[in-house]
Amino acid sequence: MFLSVFDMFKVGVGPSSSHTMGPMVAAARFLDMLRKSPFEFAGLKASLHGSLAFTGVGHATDRATILGLAGFLPDTYDHEKAEAALEEIQSTYKLHPEGLPPLKFHPKEDLRFDFGPALEGHANGMILMATDAQGDVILQETFYSIGGGFVVTEAELKAGAATDEGAPVPYPFKSASEMLAMATRSGKSIAEMKRTNEVSRGGQDNLTKGCTRIWQVMNDCIERGLSNEGILPGGLNVRRRAKGIHDSLLAERGMNLSAPHTINDWMSAYAMAVNEENAAGGQVVTAPTNGAAGVLPAVIRYWLDHVPGAQPSRVDEFLLTAAAIGGLVKFNASISGAEAGCQAEVGSASAMAAAGLCAVMGGTPEQIENAAEIALEHHLGMTCDPVKGLVQVPCIERNGLGAIKAVSAASLSLRGDGSHLVPLDTVIETMRQTGADMHEKYKETSLGGLAVNVPNC
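Just so you know, we're using my numbering here: the sequence shown kicks off at 55 and counts up by one.
Fair warning: there could be bad hints in the mix.
[As the list claims (entries may be wrong)] Cβ-Cβ distance ranges computed for the label pairs, FRET-style: (1) S231 - M309: 43 to 51 Å; (2) L304 - F169: 40 to 48 Å; (3) L504 - T262: 41 to 49 Å; (4) P222 - E152: 34 to 42 Å; (5) D274 - M55: 28 to 36 Å; (6) E283 - R469: 56 to 64 Å.
In short, the hints are calculated from the structure, not lab data.
From the three backbone atoms N, C-alpha and C, an ideal C-beta is built for every residue, glycine too.
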């Protein structure tokens, strides 16, 4: 099993990796199928199922699908061009993807929300169809957005192709126990093993440049969030708070007004800044998802700005360690809120951040595994119940608390020698089982929890 650091951390667009980025990626893949097909196409249709239908509008799934069919991609998304394209599509009922003829598409008629049972393969399912001049479907594919921007076809899902099984890597591990045993035998840290695997696939230059870009986009997102004010879109009238919190923290510096626990407010401000940007449809990095995108960058920023001895040159060590843990969670359980609730999103992000922080603060592989275990264990059972289907309440504040838990978990683990009762593998399996048992109304459908108990209109 190999999941690259660039699989876990993808540059994309808000508000959701599974509901926004995933459908856009699926649409791009479908266009590639059309370009390779001998048929002549005249139009496109799409149907959204399960969680993609129930929270699709709040998560901008409809916009993402349309833009994806028009040729837009998350990694190169340009907001102004996207808005212009949507306006043209609404007036002309035509899509103009590169390498294909103009294709008929009426947003209100050709994009259908199916509120019936989810498709069999996954809670986030969508069917894309291409039609001929008479309007008959002549090519169709079912896609599943399985979390974190990962997309598979129905055939790929059945074949178990959700993870990369390409060329062997020097240090392959499918569980935390295998990872620790390999670290003991090799004498390498988790980050060193992960780095060697990455270099064997993509080369050192690609890894260095890629990690630099990931952190740059993360940090830029924090800075934008700490600078922007106003009301977030979607109708809940949620006001951005990160800038105000950050401004007040800056004003208190050097005045002996802050209690020790105020450091939690700094972490929350960093995390909320990211998730406010995400809620506004800005550029973010999946970490491992958009809904949990604020946790890990907030902990990195906390480390760089507030921990003595922190070195920016070691951010890649943080990212590599975090990616190793995230890969284990994804492979053995889930990072999808629609599949396993928010324990799979913010819980996974907190575990990844705890592991990364523990690593750069000198933790052993055993302490790092312990840090991830503590953080994930104390998110078990967390539901995904976004009010009005928007990635705002409770998601924005939840990222701040996920960051605080991550730092606490890393700190606790560093106080010990890495030995502990409950292995990380056990917690990951418990999370998987809890997600399987969780009622679907608590799994990103906005049919239960806060989503039905908070007035949202």
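Comparing the hints with the structure gives:
At about 49 Å, the beta-carbon gap between S231 and M309 stays in the expected band of 43 to 51 Å. At roughly 47 Å, the beta-carbon separation of L304 and F169 lies within the given 40 to 48 Å, and the hint holds. The hint said 41 to 49 Å for the Cβ distance between L504 and T262, and at roughly 42 Å that hint holds. The hint said 34 to 42 Å for the Cβ distance between P222 and E152, and at roughly 36 Å that hint holds.
Between D274 and M55 the beta carbon distance is about 32 Å. The supplied range of 28 to 36 Å therefore holds. Our hint of 56 to 64 Å for E283 and R469 is violated, since their Cβ atoms are close to 40 Å apart.
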